[in-house]
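Engineer: Starting from the structure of chain A, add chain B where the hints point.
Protein chains: 2
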Amino acid sequence: MTMSQGSLYIVSAPSGAGKSSLISALLKENSAQDMKVSISHTTRAARPGEENGTHYHFVSVETFKNLMKENAFLEHAEVFTNYYGTSRLWIDEMISKGIDVFLDIDWQGAIQIRKNMPEAKSIFILPPSREELARRLDARGQDSKDVIEKRMAQACGEISHYNEYDYLIVNDNFDVALSDIKAIVRAERIKQDKQACKYNDMLDRLVAQ
Amino acid sequence: MTMSQGSLYIVSAPSGAGKSSLISALLKENSAQDMKVSISHTTRAARPGEENGTHYHFVSVETFKNLMKENAFLEHAEVFTNYYGTSRLWIDEMISKGIDVFLDIDWQGAIQIRKNMPEAKSIFILPPSREELARRLDARGQDSKDVIEKRMAQACGEISHYNEYDYLIVNDNFDVALSDIKAIVRAERIKQDKQACKYNDMLDRLVAQ
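Listed in order, the protein sequences are those of chains A and B. Throughout the first sequence, residue numbering follows my numbering, covering 6 to 214 in sequence. Throughout the second sequence, residue numbering follows my numbering, covering 6 to 214 in sequence.
In short, the hints are calculated from the structure, not lab data. One or more of the hints may lead you astray.
Identical copies look the same in the list; a pair holds intra-copy or inter-copy alike.
[Stated by the list, open to error] Below, in silico cross-link-like pairs of lysine-lysine (PhoX-like), each with a Cα-Cα straight-line distance of 20 Å or less: (1) K102 - K199; (2) K126 - K199; (3) K196 - K126; (4) K203 - K102; (5) K199 - K187.
On a predicted model such as this, the values are computed, not experimentally measured, just so you know.
Chain A on its own, in the form it takes in the complex:
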């Protein structure tokens, strides 16, 4: 068997749709270690509990700007004077090793990624209703009413871009949504070009007259 390339998955969702929990569950079950989440570079300071190389690659503004000049990012953005970016190098390396990479990113980042890597597959995760989204944001217990209202408005804005994605998952039941993501990954891995690479020798023997 020959190694076939991994895939890049863009995953977007409004806050409260359950994106992070779904990606965590997917990777937790993945004993084969052939899936990873992309870790962003950022110039913001690490918060308590955040580790360099696990939550983010924490770098200086100078380093970040140099990486930008070298075209090292598949996408980057400035948010409240901090820079965030996705390293092209690390993703290329993982994909060449046959590892699927998941990129947790908003619709604006998704547009940049698609432009730089058109073969990336994109998944949008939806909450089942406005009411459920509001309930989930409220249940976190970490935000005031004002903040929740602002997040709801942001969520509507994010959701309005759902039609730019390849797949749409409704996270009503967590296990169903998780099985949906798994089906996407499984189907993608048996695409003809990937299998033809993986089973190259076997196919040669089967076709030989």
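Structural biologist: Below, chain B alone, put in the same frame as chain A:
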């Protein structure tokens, strides 16, 4: 919820790869009745045990030729003076009802189908090796050595078209191969355009500011 359209799946394989068993198992588990196998029209005589409308639609040569003139077939072929064809009408009807249709057909039929319905997804099923294919053909106990050798040569010819398909499934372990087909169908159903149709009202409410 609004009804989204079903998909057409072309399924090809050399004799002995396990195509029929896989499609049967898939449909047997399908309690939702949202998958069907396309039933071909043929001018050949029914064999003992074959029922009209179940195994084939048995029609006269005249009827078949009239249907051909009306462009009623998505594909058709003449094999040993008998005609075989796939009705466009029935498939369109099923797809419009949200039913996925499976079309058991060889690579030549697959080419015609793709031409007439480019949105069809195509799946090629492979045996894991020449030796296993020969063993499976022999285990049927219904063919002579000569016939098996002929079938092996035919199989090589059929397999040489694997790269014209969207998906490639290696049927080494039946349950794994069955899960592969299920993943393809599941992933196809959560494609953005299908979900946008199904969850039209929900999306309108989620996006409304």
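Engineer: At most 20 Å between C-alpha atoms: does K126 with K199 qualify within a copy, between copies, both, or neither?
Structural biologist: both (14 Å within a copy, 16 Å between copies)
Engineer: Checking an output row: K102 and K199, CA cutoff 20 Å. Within, between, both or neither?
Structural biologist: Within. Shortest intra-copy distance 13 Å satisfies the 20 Å Cα cut-off; inter-copy 33 Å does not.
Engineer: Check K196 against K126 for me: Cα-Cα at most 20 Å, and say if that holds within a copy, between copies, both or neither.
Structural biologist: both (13 Å within a copy, 11 Å between copies)
Engineer: If the cut is 20 Å between Cα atoms, do K203 and K102 qualify within a copy, between copies, both or neither?
Structural biologist: within (12 Å within a copy, 37 Å between copies)
Engineer: Give the relationship of K199 and K187 under a CA distance limit of 20 Å: within one copy only, between copies only, both, or neither.
Structural biologist: So K199 and K187 pass the 20 Å test inside a copy (17 Å) and across (18 Å) alike.
The structure is consistent with each of the numbered hints, conforming to all of them.
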